[in-house]
Amino acid sequence: MAYEGDDLLEEVTGKEYEFGFTTNIESDKAPPGLNEDIIRLISAKKNEPAWLLEWRLDAFAKWKEMTEPEWAHVNYKKPDFQAISYYSAPKKKPQLDSLDDLDPEMRATMDKLGISIEEQKRLSGVAVDFVMDSVSVATSFKKKLGELGIIFCSMSEAVQEHPELVKKYLGTVVPKQDNFYAALNSAVFTDGSFCYIPKGVRCPMELSTYFRINESGTGQFERTLVIADKGSYVSYLEGCTAPQRDENQLHAAVVELIALDEAEIKYSTVQNWYPGDKNGAGGVFNFVTKRGLCETRSKISWTQVETGSAVTWKYPSCILKGDHSVGEFYSVAVTNNYQQADTGTKMIHIGKNTNSTIISKGISAGKSQNSYRGLVQINASAKNARNFSQCDSLLMTDRCGAHTFPYIEVNNASAKVEHEATTSKIGEDQIFYCLQRGLNEEQAISLIVNGYAKDVLNKLPMEFAVEAQKLLAISLEGSVG
Amino acid sequence: METTTVKDHKKGAFLERFSNADALVNQLPKLQEEAKIALEQIELPNRRTESWKYTRVNKIIKQEWHAGDSSIDIDKSLFLNWNASRIVLVNGLYRDDLSNIMAEDGLSVSSMKSALAQQRDLIHSHCGSLSAHKEDLFEAHNLVSAEDGFCLLVGKNALLKESVLVENYISGNDVAAINRNLIILEKGAQLNMIVANYSDENEVIFSNDLSEVFVGENAQFTCDLVQNHLGQEQFAINTIWANQERNSRFTLSTSTLKGNWVRNNVNVRVSGENCETNLFGTYQLRGKQHVDNHTMIDHKVPHCESNEHYKGILYDQSTGVFNGKVFVRQDAQKTNAFQQNANIVMSDEAHMNSKPELEIYADDVKCSHGSTTGQFDEEAVFYLMARGISEQNSRELLVKAFIGEVLEKIHHPEVKALFGEEE
Chain A
1 MAYEGDDLLE EVTGKEYEFG FTTNIESDKA PPGLNEDIIR LISAKKNEPA WLLEWRLDAF
61 AKWKEMTEPE WAHVNYKKPD FQAISYYSAP KKKPQLDSLD DLDPEMRATM DKLGISIEEQ
121 KRLSGVAVDF VMDSVSVATS FKKKLGELGI IFCSMSEAVQ EHPELVKKYL GTVVPKQDNF
181 YAALNSAVFT DGSFCYIPKG VRCPMELSTY FRINESGTGQ FERTLVIADK GSYVSYLEGC
241 TAPQRDENQL HAAVVELIAL DEAEIKYSTV QNWYPGDKNG AGGVFNFVTK RGLCETRSKI
301 SWTQVETGSA VTWKYPSCIL KGDHSVGEFY SVAVTNNYQQ ADTGTKMIHI GKNTNSTIIS
361 KGISAGKSQN SYRGLVQINA SAKNARNFSQ CDSLLMTDRC GAHTFPYIEV NNASAKVEHE
421 ATTSKIGEDQ IFYCLQRGLN EEQAISLIVN GYAKDVLNKL PMEFAVEAQK LLAISLEGSV
481 G
Chain B
1 METTTVKDHK KGAFLERFSN ADALVNQLPK LQEEAKIALE QIELPNRRTE SWKYTRVNKI
61 IKQEWHAGDS SIDIDKSLFL NWNASRIVLV NGLYRDDLSN IMAEDGLSVS SMKSALAQQR
121 DLIHSHCGSL SAHKEDLFEA HNLVSAEDGF CLLVGKNALL KESVLVENYI SGNDVAAINR
181 NLIILEKGAQ LNMIVANYSD ENEVIFSNDL SEVFVGENAQ FTCDLVQNHL GQEQFAINTI
241 WANQERNSRF TLSTSTLKGN WVRNNVNVRV SGENCETNLF GTYQLRGKQH VDNHTMIDHK
301 VPHCESNEHY KGILYDQSTG VFNGKVFVRQ DAQKTNAFQQ NANIVMSDEA HMNSKPELEI
361 YADDVKCSHG STTGQFDEEA VFYLMARGIS EQNSRELLVK AFIGEVLEKI HHPEVKALFG
421 EEE
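Top to bottom, those sequences are chains A and B. Residues in the first sequence are numbered from 1 upward in steps of one, following my numbering. Residues in the second sequence are numbered from 1 upward in steps of one, following my numbering.
The following block holds chain B by itself, in its conformation from the complex (with noise of 0.2 Å):
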């Protein structure tokens, strides 16, 4: 009993960090109330958790973190030439001065805040109908504690030429940064976006961002996401839920550049017939980095199909954990889903742990998944080195070759310049 007594006091004194008269959720009460309640019975994560089985949240939840200054100037970016809208959120708070948004038919772009006072219904019918809040810790802190972030919306039929960029910054000291995000697609409307998380070097940090996304039916939704947390104590959590309608395609791809303790959950639901979902991801690990994809995908209709692909390669003492999850309910017939996991291990001091998990109650499907861990082909190295290439140019071009299968499914040029991709 006493050890429950201590657990439950550092989950406590953890969430009184957060308690913040300015949520978003005090002007939702139902949420309030679920999310009370969850956090109440949720335990913190451990070891048996088993969704966080393999990653460690102890330091998370040590931390004195406070909340940051919002108005601080912003001076850098990894997509300087960007011409297009830009929404730009400093510590969870939406920086209107900050972003830019064209004017083009059908886009729609607020501050969560300001779309809880004006589009309230749409809030109250969108927000935290999709989350796990009633079961994740994190997922129920995400929404107690959020009192900001971005609420965008594209119209019926209205296809955005323009691609969307979110950049997220997080900078102070021992500063954590919540927001809580809504995307809705109308029927037939289209939106390409790069959401982009940064963190400064020097600095402690944890972020827990989650956002909502409405894909509509006949609606194409495409995002690049990228993560740069350059600092070595900064703990990010990053989590997305989506809902597909019927002829909807999702595609989604994560692109881990640099996080010392990354968890990322993408969650889709696919609701109306004849979807199409994608979930792509990257990650290349140094030092001690620590980068967690969980992923699940749940097919609740029939003729529909996912495609899921993640590659990493582990080297120093970095861990890596993927776990990726399908459903298939009974009325999913004919669905075709696809998983495949693949790991270089570089160093013996790295680990990888991969789960990649299938659960099917229909029968006519094409389900299958795939998880390898190895290292190069040393007769791959081998046949370059004898062609005059250097081991070390060797090396790096069968990098680039196995992390290329990903990166080429990448939407935005602009993202694959960042792998040192030319078009």
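Bound-form chain A, shown alone (with noise of 0.2 Å):
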């Protein structure tokens, strides 16, 4: 393991969740409740043209007649979108040339959280992208990556700047009218990450989103659009926190990614959102879709790492259009006290000889609800289609659940689609073999969970799987029954 056994047990007994900071900046906040003034005022404050101002009221218009979806196997109080503040900037938010000029109390807000800016140009170089209540507020390595024609910015900027690519690709992948909250997200987003890497361009860094919610009785509406150009390659990672409130908070993201020819986009996520206290009061209700579109040759692959959010309801998801192409999706969900998680994914197989892999693992403790809810839809086009399903569930105590719920859609002879699932606790001989060798029970825990999980951790980039890792233990902290 990465570090030593006493640091963990610092880490795991001093912690419940430690990102659940607020930060005092002034902040641009618009009255709570949706309607199309709402719309309209951030659509003016973005400065945004007419074309997509029409795209948000039309996508309004459709959400007003659509209904909350009840098919997941989770139980919440729905939210009330009348109460909820859908635009809320930091005031101070002036044209930075260098991150020196940063807001200081939002550089210690980066710094609580890890993104040591400066640490992280000397050692790996990643460029950041950074979101605070849905405006982003910094990206670094603007220059560098410029050089080689990659675009990384804030979905705002690339608005004023990119409208050509925005146009274009925005909304191809998930439609305005796709569902519930991303037709909520397509009429009220305020900002989020845009990234094009040019044809043949091997993006030579990871570049990373830092979501945050910090003002309190605010959504959070980001959209990502990662458009990946013939031939490119592009990692991207994206981290979200929240502060410890005893509200429920919406986050409903919508992340588009585009891979066009023999393109690659490696997609990373740590969710680590506040999942409420104890008693299940308060946490992010994440309600999100994700999506890729993959041409003839491409490749996407989603890793996920889910560890916060009071109620989580996400389906990254791969539609394998071109022939050869490959969608994989890795996933560890690890849920904790009144966490409820219902998370999967859908590969459409379109395409000749698409591939796709899915290995989730879920970790159920306290008395939390883990489900994996996944599609496998081969068409009758998708000649030679493969496809590989592992979904495991581990459940840590008597009080939690762990549900399988896998749709196979076979539609053609010469598809070959696998799925297998098991769900079981960890062994007590296990247990009992660590502690022989001096580990406490804790530490042992930790380290099957780690074990279990590591087909999924070993797909993250580096600097990710170490804190991936950590937030493993802390996640599980006390639920050892």
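Since the hints were derived computationally from the structure, they do not count as laboratory data. All figures in this text were calculated on a predicted structure; none of them were measured in a lab. Do not rely on the hints blindly, as some may be mistaken.
As the list claims (entries may be wrong) - Pairs of lysine-lysine, DSBU-like flavour, derived with a Cα cap of 35 Å:
no., chain 1, residue 1, chain 2, residue 2
1, A, K62, B, K11
2, A, K230, A, K346
3, A, K416, B, K288
4, A, K346, B, K134
5, A, K143, A, K168
6, A, K454, B, K300
7, A, K383, B, K288
The two chains are supplied separately, each in an independent frame; assemble them into the complex guided by the hints.
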């Protein structure tokens, strides 16, 4: 393991939710409520072109006709959409030339989150876009990326500076009427990240976005659009945290990935929104639509470590449209206390010789409910399509639940689809073996859980993998039954 | 709103055809009331109804069904040489003249109609106590329309040596046959049975039959269900609800030999500790056949085991659906649940939808499920051909081997023989 036993113990006993601080940054916040005026206000604040406002209003009109989905295996009090403020931006937002000009409070926030930009500049070189309360506040390494023709900026900036790209691709993978929360996001999204990798360019560093909800009474609705042009490669990381509050905050994001011919996108998420306290009060509602479109011989790989949020409802999907395209989904979802997660993926095979892999590892502790829900659809045109799915669940206590709802639809004779799932608890003999070798029970469990999730953690970029391992340990703190 | 009215109208018109003054439920006022409320509230199943996601019922709803002639002569059977007890139902009614019950200690068989007259308390306490007539439209429909069925009782510690054969014929045109059955195994009883459902070519029929099976403490129930619906426009819904008490065993195999549109619902509640539940199924679908197998095993108590194995081959434009659900409730520690669904798709126009589900609320359990859909291993075909076996024979051999795993679980050699299996 990456760190010594004693450090872990300290971390495990000392921390509940590490990122539960609030930053006192003055913010410019719209009054709560959702109507056309608010959307016009957001659009005006962002100085958006007319077509985008039209697009938003159309999404809003469609959203009003939709009903909130109820099929997921989760139970929660539905958010009151009129009580949320749909726009909140840190007030001081100068045009930054370098990160040194950043508001000191903001700088402190970033340091607390561990985005020590200086350090990362020195060590590995990760370009970070930092989104606080739905507005992107800082993007680093812009110049270096610019030399290669890579565009990595906030969504609002992209709308201003690259409207042709935004107009061409926005909503092509997740249409605005796709589902209830995607429609809501389309109507009110305030910012997010935008990334374009030109033809044949291999992005030399990891691109990273850090999302944070700071203000109370706000929701976060960001929209991420990643376009990898022909033959390019990008690895994209996403992290999220929120302050500890006893209200439920709504996070409804949309992520669209487009991998053109022979491109590859690796999208990794470490989701650590505030999960609520031990009694289930507060926490973030994480209702996210993530989808990628694969053209010929391209590849999209989703890796996620889900430890936060009171309620998660998230299905990163791949539409394997091009022949020989590849979709991958690696997930570790940990739920503790009263958390509920309904997560999984959809692999839609359209092109010939398409290939998808799903590895999902669920860990339930406390009184939580953890569900895997996935769809593998092989269309008639997807000759020789191949899918392998493995969904394992680990139960830590006798009060939690682990559920599997796979949907497998095969519509041609040359497809091979395999699905397997197991549910079990940590073997007593495994714990006994570790105890015998001088580990205490908490360490033993952490070791076993990390081993169990290894298939997925291995897919994460190195910086994230270490963080994810620690997160697993913290999330499972005190869960040993 | 308009569409709702149209749907209500459709549902109303459908149910209207089944209003039956002789329905069993007329003597069971509490159930009648429950079913009536359910029928008003439950919408017609459509694509958005999770349990009917892959199976369409429009044709059933539209058709002008009427009750068939239940006094017709029956001259064919898949089990002509059967010498043990035989129960015969024709178009939903129990036929005393065709049924032949061997005198055996502990076995009592009667029609539901006469059971309701003679063993009122037994019917009152059992009928409708398992079924989901409050949630499912067709189960409620069965409850309000069924006029008859069979009631089979095996007394305490009676180990029946001979199997019981139930033959259920549906015949006529635009004929709907609805029956409702009760099977009760008292403490320590043992019963093996075959249930065979038939309908003829060139006839348009709809059947909706439901059996409630009570497996008492230490009792053992084994049933092989055979479905042979030969015609094109035939719709069959077959529902089984079972409840298991302590130390009991429930084994059911479902063999769909033929059926244009078949929906099987098998639901088992495991209410006593140390039980064993086995569900097996095979289907080989050709033409435009549509077969939907829904299973549910509800583990409520600790120390039980369940095995589920469904295998199918899909040719032509056929559609197969498998939806297996295993619940493990919070108290059901030490449960071992195993579920497997394997399919071979032989044609590009065939469809397979598989949905193996696990819902687990207890931690000290071993549960697994698997689902595979694919083709024959071409190397295996090559291997056989290299040994001088023709391609067609090689493939037939592999089909046999594939299905064989489930066939060998079938209890009765007479049923295995239907697949051309020699003992």
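Cross-check of the supplied hints:
1. A:K62 to B:K11: Distance of about 30 Å is within 35 Å: holds.
2. A:K230 to A:K346: Distance of about 24 Å is within 35 Å: holds.
3. A:K416 to B:K288: holds (22 Å)
4. A:K346 to B:K134: holds (33 Å)
5. A:K143 to A:K168: Satisfied, since the Cα-Cα distance of roughly 25 Å is no more than 35 Å.
6. A:K454 to B:K300: holds (33 Å)
7. A:K383 to B:K288: holds (21 Å)
Checked against the numbered hints given earlier, the structure satisfies every one of them.
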